[in-house]
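Engineer: Here is how the chains run, residue by residue.
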Amino acid sequence: DGGITQSPKYLFRKEGQNVTLSCEQNLNHDAMYWYRQDPGQGLRLIYYSQIVNDFQKGDIAEGYSVSREKKESFPLTVTSAQKNPTAFYLCASRMNTNVETQYFGPGTRLLVL
Amino acid sequence: QKEVEQNSGPLSVPEGAIASLNCTYSDRVSQSFFWYRQYSGKSPELIMSIYSNGDKEDGRFTAQLNKASQYVSLLIRDSQPSDSATYLCAVQLSGGSYIPTFGRGTSLIVHP
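The listed protein sequences derive, respectively, from chains S and A. The first sequence begins at 45 in this note's numbering and counts up one residue at a time. The second sequence begins at 1001 in this note's numbering and counts up one residue at a time.
It is worth saying that the hints were derived from the structure and are not from the lab. Some hints here could point you the wrong way.
To be verified - Below 27 angstroms or equal to it, Euclidean Cα-Cα: the simulated DSS-like pairs (lysine-lysine) are:
no.: 1; chain 1: S; residue 1: Lys-101; chain 2: S; residue 2: Lys-114
no.: 2; chain 1: S; residue 1: Lys-115; chain 2: S; residue 2: Lys-53
no.: 3; chain 1: A; residue 1: Lys-1042; chain 2: S; residue 2: Lys-58
no.: 4; chain 1: S; residue 1: Lys-101; chain 2: S; residue 2: Lys-127
no.: 5; chain 1: S; residue 1: Lys-101; chain 2: S; residue 2: Lys-58
no.: 6; chain 1: S; residue 1: Lys-101; chain 2: A; residue 2: Lys-1056
no.: 7; chain 1: A; residue 1: Lys-1056; chain 2: A; residue 2: Lys-1042
no.: 8; chain 1: S; residue 1: Lys-53; chain 2: A; residue 2: Lys-1042
no.: 9; chain 1: S; residue 1: Lys-53; chain 2: S; residue 2: Lys-101
no.: 10; chain 1: S; residue 1: Lys-127; chain 2: A; residue 2: Lys-1042
no.: 11; chain 1: A; residue 1: Lys-1042; chain 2: S; residue 2: Lys-115
Given the sequences, and given the hints that come with them, work out the whole structure.
Structural biologist: This is the structure:
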């Protein structure tokens, strides 16, 4: 089955700890994205990558890092510098064409212990 | 700054009625428009896309686009309790980074 997978479904972070959220897609999509969703806040873009080995900061990149070593994978690391990481994290991907939009993975809910 | 506005709701309609969800956008050069449905605790799911003025129908869903007035709407006919969700409007420019701008969503409640 083609699709976008995210793991884990739930993640608990201790103070001062870095954690990595996984995002994999087998749709042969060019671009991948990370969003954060807080209640009542809508979707906020953290990072995006349009091609392998290249990525750009979104609106709220501070405290996060990413890599894009393979077309299929776009992991997100939430660093200890992110002071309020509790949120629902969504990964999305798309083909780089005018008419295509993003398709989302199932999400990872990050909680701070 | 590109903006996409939606009434947060909740919009409450009885089962079987037509639910009308509206979205306005600020950037006149926007080319592509999408509606996503998001159930509580789940990720957004694409349900409709529209690119030209007029109506586009898919089952019980109809998307309406009016570029002159800069609004896009979603009509849900014969609303069912299973339609209860938050509906996100997304607007995308042609070219560039193809990053859509999302509205904050409208919460729809369909009561039996």
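Engineer: Compare the structure with each hint and give your call.
Structural biologist: The hints, checked one at a time:
{"no.": "1", "hint": "S/Lys-101 / S/Lys-114", "result": "holds, 18 angstroms"}
{"no.": "2", "hint": "S/Lys-115 / S/Lys-53", "result": "holds, 22 angstroms"}
{"no.": "3", "hint": "A/Lys-1042 / S/Lys-58", "result": "holds, 24 angstroms"}
{"no.": "4", "hint": "S/Lys-101 / S/Lys-127", "result": "holds, 18 angstroms"}
{"no.": "5", "hint": "S/Lys-101 / S/Lys-58", "result": "holds, 25 angstroms"}
{"no.": "6", "hint": "S/Lys-101 / A/Lys-1056", "result": "violated, 35 angstroms"}
{"no.": "7", "hint": "A/Lys-1056 / A/Lys-1042", "result": "holds, 26 angstroms"}
{"no.": "8", "hint": "S/Lys-53 / A/Lys-1042", "result": "holds, 11 angstroms"}
{"no.": "9", "hint": "S/Lys-53 / S/Lys-101", "result": "holds, 24 angstroms"}
{"no.": "10", "hint": "S/Lys-127 / A/Lys-1042", "result": "holds, 24 angstroms"}
{"no.": "11", "hint": "A/Lys-1042 / S/Lys-115", "result": "holds, 25 angstroms"}
Comparing the model with each numbered hint stated earlier shows that hint 6 is the single one that does not hold.
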